[in-house]
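Kindly generate the complete structure, drawing on both the sequences and the hints.
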Amino acid sequence: MSVINLEYLFQPRSIAVIGATNDPANAGNILMRNLMGGGFLGPVMPVSTDAEAISGVLTYKEVEDLPKVPDLAIICRPLPECPELLCKLREIGVKATALIGSGFSSMPEAEQHRLRGELLRAAKSPQMRILGPKSLGFIVPALNLNASIAPLPAKAGKIAFVSQSDSFIPTVLDWAAINDIGFSHVISLGSRIDLTFGDVLDYLGSDAQTRSILLYIESINDARGFMSAARAASRHKPVLAIRPGQSLQHVTHELARIDNTMIARADEVYDVAFRRAGMLRVQTIDGLFDAAQTLASLRQPMRGNRLAIIANGTSAGLTAADGLIRRGGKLADLSEETAEKLNIIFEEQWSKSNPVTIKYDTTGQKYLDALKVLIKDKGVDAVLIVHVPFAGISSVEVAEVVASGLKRVRRMVLTAWLGSGMSRKSRRVFSHAGIPTYESADQAVRAFMYMAEYQRNQELLTETPDSLPTDFFPDTTTARDIVHNAITEGRELLNEPESRRVLAAYGLPVVETKVALSAREAVIAADEIGCPVALKIRSPQISQPYDVGGVVLDLESTEKVWESAVTMLTRVNRQRPDAYIEGFTVQKMGRRLGAHELFISASADKTFGPIIHFGHGGMTREVVRDQAVAMVPLNMSLARELIGRTRISRLLSGTPTQHPADIDDLCLTLIQVSQLFIDIPQISYLDINPLYGDETGVLALGAKIMVAECGEDCPQLAIRPYPRELEECVVLKDGKQVTLRPIRPEDEPAHYEFLDQVSDEDMRMRFFGVVRRDFDHKDMSRFTQINYDREMAFIATAMGANGKPETLGVVRTSTKPDNSEAEFAIVVRSDLKGSGLGSMLFHKIIRYTKERRTHWLVGQTMFENKAMQGLSRKFGFEINENYDEDLVEMRLDCSKEE
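For the sequence shown, this note's numbering assigns the number 94 to the initial residue and increments by one for each residue that follows.
Calculated from the structure, these hints are not laboratory results.
A couple of the hints might just be wrong.
List of simulated lysine to aspartate or glutamate pairs, EDC-like, C-alpha gap at most 16 Å [stated by the list, open to error]: (1) K248 x D273; (2) K251 x D300; (3) K967 x E944; (4) K681 x D719; (5) K181 x D158; (6) K607 x E585; (7) K181 x E155; (8) K959 x E982; (9) K181 x E202; (10) K797 x D787; (11) K959 x E841; (12) K459 x E433; (13) K434 x D454; (14) K518 x E493; (15) K607 x E591; (16) K897 x E982; (17) K871 x E841; (18) K469 x D426; (19) K469 x E433; (20) K797 x E591; (21) K459 x E440; (22) K829 x E899; (23) K607 x E621; (24) K681 x E585; (25) K681 x E605; (26) K989 x D924; (27) K926 x D855; (28) K943 x E974; (29) K797 x E493; (30) K909 x E884; (31) K161 x E184; (32) K926 x E854; (33) K330 x D300; (34) K217 x E184; (35) K217 x E177; (36) K897 x D855; (37) K500 x E440.
As the structure is a prediction and not an experimental result, all values here were calculated from the model.
In structure tokens:
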């Protein structure tokens, strides 16, 4: 994943069109017409053997005949000719290419694979970047650049649209033209052999002309790159996605044979991935652009989904309220103070409730006065004005008064001036003022709920999780050995004792269980465990003992165990004479009176890696079908959010006759399963059902665990988990023991205290000037919630006098997506200067940067910060004084051997 040379693709100063022609039906001719008709100011150089001039421009016979090296070469030739053309273009110095036209997707898979390899080898990406093949091209309206074969142009705007499908772009352009929508970029990715969604997200995420990014996605071919780029981009601007989930969803045959009720459809996993990245998913084209425009106009974060509606018509207000409730929103409860003020404004002539229904001929000033009252109500998160045109009052004048008065209002206000044609001028007034406006109340409510969902996703992206228990140290070696032994023996299913040992190794509480080879041993086992017990048959040919009468519960005595074992053997042998009986499993009855029957299941998705399911368990699981899905890794906040998306979560919160379940213990169990899949990728499937949960915690009766040797094919986690392997202990000069480890979101509270103990002078040196001290959660989340793929922050932590861990220092790097360069910064608590901690942190980050094969480690400091300069020299940095910016630049070549 890289943004290298993308400026040559999307900001070219010169373009060559390879395969230009005068055939009006040919892509080469359509592209030339669009380029010339769009008004691109740079030279356009067509390469053609068929004509002397195309679209009024003289042609060149071969690539070698071009008078200058173009920034961008657009190839409209058959794909088999492209590898040779790419070699020629790269050799003359071309940095970016676009492969226009179809044909790639219709090739056999083996042919696609061969051609993809040839194209990439010819381009030596990222030396030369490739857009496509099967791309429609792209449009950058601000540059008058229409480098596409799209049938319609695009007007300039602040929205970027990126599509995997070439056929979807004309539909979007047509819709945008009708609705007066402008774009910063329109990009058709095509088959993405080089340029991916992640690359484009990185580029657009830092593009000043782009305020929001819209994606049409069918599939992702680089989940970690996509998630990394999407999480980075969505922290700075809205990223929205549309995906045709219902038509694309499928279940793999391999997983379906395990348990077809527990496999998340592909669309469910994409939904979770979008939410995890802080993105917003929408279902329709108009919803996509409504949400994009509304989010771009969001003046400050929304607080929730409580909406106040003010309408000059009863039916219009009620229709809006119905749409809000149907979509899961809430009608805001108006305070008594608000009601009294509205009484004064409307002279008692209003509905006295929300929706606030007023007279049809209400003036713009009264609308504005009511708005100012409603937005001050603490129970109101946003306000929607619904205006119905009536004769005798100018809708435009009302709109102008409201729009003018909202210039200084920071809260979210939406407007719906009803009527397609008659209210167009009024809506234009709001559009020019940057106020969200819609043709219908339902459209406005939908946009509001999109904003509320987007805000929830953003909060999830930056939420500080609860601290994990410090005594969670799984016995990974034991669990890994069990899995390895099973694979070595050629088994794909662990037996019950093995499954329980794996769960126990990761701290999951399981009921006491013993294996017996005979009825006599079953009696002895029951006596050792203590009755009541459950007795189950053991056979590799019988996956579900219930189906053949191979399970008996609540055996109250050893005599009952003997009788049941003998009877069970006879019954199972009669029903399954082909099955080899290995013996019995004797298990302590783990039933808890009043406990909820839950389940946790996990499997490996081929695109996004391990995914976890949670929901209503027991024998009725398939009937109830109450489950939610999450991606690995999990933390306490993400686990709590996963539980909250199920219906059974309402019961877990407690009822009049039942205590609330121990949600913290349930969250920890989900995290333990998450960590199990991180540590042992050879586990392909796990199912714990039932998992009892009540106020005392959780208890697993057992699990089905499937394993497989995966080697290089092990599904990679889409989000890099906390790198525990980078933790280490060091000793300072005064003998104090300190832990150096990657920062975690849970470190946020300690980070506030750490920065409070850094002097103003040290803060000035670190941030190159006077820095405010009132860091809020949004600020601190950027420090503590990092993307380990692109950033790293090592903190030094030790136990404080109050018995709690305290942060002593931090060093961090931010790495470019192409891993060419990482920028570092370091700060140590002011009272610890001279302790050697700074050198230890610096050495730690240098080792890490070299291990990840980053080429350059760079940093800047102020001229007067001699200590930082001296430390850099100590570690071999080049020091350069930049007098133009009054800074000192430090640079270390990490590719050199020490």
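Hints breached by this structure | 3, 4, 6, 9, 10, 11, 13, 16, 24, 26, 28, 29, 36, 37
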